[in-house]
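Chemist: Given next are the chains, with one letter for each unit.
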Amino acid sequence: MKPRKGNPTLERDVTHALFIMPSLLLYTLFSVIPILIGVYYSMTNWNGITRAYKFIGLRNYVKMLGDARFLRAVSFNSRYVIMYMLCLLVLCVALGLLLNQKVRWRGFFRSAYFFPAVIGMLSCGLIFRQIFGYGFATLGDLLGVEALKSNILADPDLAIFGVLFVNLWQGLAIPTVLILAGLQTIPMELNESASLDGASGAQIFRHITMPFLLPTISMILVLALKEGLMIYDYILALTDGGPAGRTESLTMLIMKLGFNEQKFSLAIAESILLAIVIIMVSVVQINITNRKKVYG
Amino acid sequence: MRNQRRMRAFSFVVLLVGLGLIAVPFYLTIVSAFKTNAELYSGFFRLPQGLYLENFSFIVSKPTFWVSLFNSVKVTFVGLLGCAVLLPMASYPIARRMGGSRVYRFLYFFMVAGIFVPFVVRMMPVIKLLNSLGIADQRGLLLLYLGGATCEGVFLITGYLASVPNDLEEAAYIDGASTLQVFTRIMYPVMQPIIVTVLIKNGLWFWNDFLLPSLLLKTPEQRTLVLFQYNFKGEYATQYPLVFACLLVAVLPMMVFYLFMQKHIIGGMMAGAVKG
Chain A
233 MKPRKGNPTL ERDVTHALFI MPSLLLYTLF SVIPILIGVY YSMTNWNGIT RAYKFIGLRN
293 YVKMLGDARF LRAVSFNSRY VIMYMLCLLV LCVALGLLLN QKVRWRGFFR SAYFFPAVIG
353 MLSCGLIFRQ IFGYGFATLG DLLGVEALKS NILADPDLAI FGVLFVNLWQ GLAIPTVLIL
413 AGLQTIPMEL NESASLDGAS GAQIFRHITM PFLLPTISMI LVLALKEGLM IYDYILALTD
473 GGPAGRTESL TMLIMKLGFN EQKFSLAIAE SILLAIVIIM VSVVQINITN RKKVYG
Chain B
286 MRNQRRMRAF SFVVLLVGLG LIAVPFYLTI VSAFKTNAEL YSGFFRLPQG LYLENFSFIV
346 SKPTFWVSLF NSVKVTFVGL LGCAVLLPMA SYPIARRMGG SRVYRFLYFF MVAGIFVPFV
406 VRMMPVIKLL NSLGIADQRG LLLLYLGGAT CEGVFLITGY LASVPNDLEE AAYIDGASTL
466 QVFTRIMYPV MQPIIVTVLI KNGLWFWNDF LLPSLLLKTP EQRTLVLFQY NFKGEYATQY
526 PLVFACLLVA VLPMMVFYLF MQKHIIGGMM AGAVKG
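Residue numbers (this note's numbering), protein chains in the order written: chain A, 233 to 528; chain B, 286 to 561.
For reference, chain B alone in the conformation it holds in the complex:
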């Protein structure tokens, strides 16, 4: 018992050190954002002397900041809406019929196989394709997100459904319910935990993605928050406090979101892990 207690104390100390490693970059980002240039040069690790807010007001006064914030929200929201509708719809028939039908089994392997194929291999052709279709903008971006989310989404939801017995559905069918009714009224609520997992994973991807937006969103009106901060960093590279403030503002929505949703996010990731 004493051994165990000592072990726990040791673990606690190790975890505390790790916590420090995680916290220091955030601490530096936050304190630096409230400093003037001169203040930063006089002490990088020191707390700011006062609440210097000019960095923030400079960023917030830029119209492109608000436009890109709105774009990020829009792209993430529409993308997730598409995922929440399309992925369960596609997964449900596959999960229920791949046991007895070759066609559905083929569809399953066809749609899941893409997990192993890295994005670079289709990156350039797909950009050309979107260009020739005339939708190399947010519309194309959303189509790529939905197409790209298919593999993992179908994989996770089908895996989850394999452990759900189908008595409920059969009873509903016997009572004369249509397939659509069974899906919307019975199966969708049943699938909800794994749908949350899929939405969290894709939400983090859509919100934080840099690669695809950098290839598709060329005008300031189209840009997302990630692109805004990248360009901002390029423009004001020498003004460290200003850049820190911009980075802080850019990650703030996610920080707040995580603060309130952490239980769901971690729970969702763990649920997906066990099913996958």
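This is chain A alone, in the form it adopts within the complex:
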């Protein structure tokens, strides 16, 4: 390990520092500093345009907790994220198990099921908006089914399920591949010896498959939480927050407040609260799965 001649360690130190510098600068300048600026602005009453503003402490944070529109977005978004995470988890584990079996056309199925991931969220949302808006109505007419005739996205109570369906349709692809990758870390012998010992499929799943999948599941849930709480593209493409604001997500509300309605500092305060929630839930979630992994 000792350098042979001259002073290569200095050379190495300098090169390493130069290597890290560009990424570190970009990250600090465009990711870290904006957060700090945001925290400061969230305690002012700046509207984003005028020069003059004053420091108002935590008043924005108090204000939003009494704001009906914000609370409606919180309610929509928390219902949405819970449904999304549950459905995603069940479906991606099921699909992963199915695709891990030696079924016919396995390679083709794997490619096909991943395909939605390469299409953008916006394109996907727009395609489904077209289909929901037009396709289902004609299908309903054709079959004479009353429930199909109306556009699900225009129904105040059902629109959330329309968005959920589209999100899952596309959002399942990557978690399924992650589960597949997780399943392949399970040693074959383990499964085989368990079934030789007379373990049932359910027992194998519970005592062998699940413990191996836990780290993957934990990662999938952390990503799904972030994705579900930040949902924007689909909503913009599918419902634009409607009908009557019933599907207005937090990110969409923040965008509207900050960029269209000149409530810059309030919008930032809301985004900071959202970030704190996401970070806290993620940390709790990772802790829980880590503990299970140790004892499991």
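Hints were generated in silico from the structure; no laboratory data involved.
Since we're looking at a predicted model, the values are computed, not measured.
This list has only true hints and no planted wrong ones.
Simulated restraints on C-beta separations: (1) N492/A x Y337/B: 31 to 41 Å; (2) F295/B x M253/A: 51 to 61 Å; (3) S427/A x T523/B: 52 to 62 Å; (4) F542/B x P419/A: 34 to 44 Å; (5) Y293/A x F297/B: 47 to 57 Å; (6) I518/A x F391/B: 15 to 25 Å; (7) F542/B x G430/A: 46 to 56 Å.
Even for Gly, the Cβ is constructed at its ideal location relative to N, Cα and C.
Chain A is already provided as a structure; the job is to place chain B on it using the hints.
Modeler: Coordinates of chain B only, in the frame set by chain A:
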């Protein structure tokens, strides 16, 4: 054994149904794109009666389509080039030195911590920042992409390098190679599998992103393909076949790319999953 075979047949049927769910929207998009308005109204699920190409020629005749296609290619390409150079460069020293140095360990946690911070929290300040720097356009967009790709990139590449022994490098150092030489000649090829993973993930993000371009690219000359289709949809909302054709044209590059690269893409995602 018979049980297992029945199980497999069942799985096959379930997968087939799922396949149908995935395929139907594409089928509808494709057939609708080849229809006239009247044809669409007479049967949404039916195959088109002939190859009606007017929808496509209308879109292709728009100069803004080609401009936005070019912009998407440009932004994605430059962004990925930046990722391919900067992220391995930053990750290599961190991976090799965080074991023995507090500074590098701090740098690792500092640069990876951002994974948990959602983008909305820095969205508005960063747009203001780019505005005041006078680069609220494609240049700013690329800087945001590179800054945003850092966390996951460093996380994945450092994780990968942890399992790569350093005998090769040590041998090269003893032979008198410089750090730069070791990086470019030895380590970069070694890191290649995980770099592919990082590039695929970021490539999908850059190409398909809507949020950032919608905030930064305000003129038609600057817009990417995703923005083009969003505006097109707004402009021709009532002409369903035309909109379907536009959506089809917009996702076509990705479809073709996936057709040829699917093995690499899925393999890359799985490699990243196991390392992460």
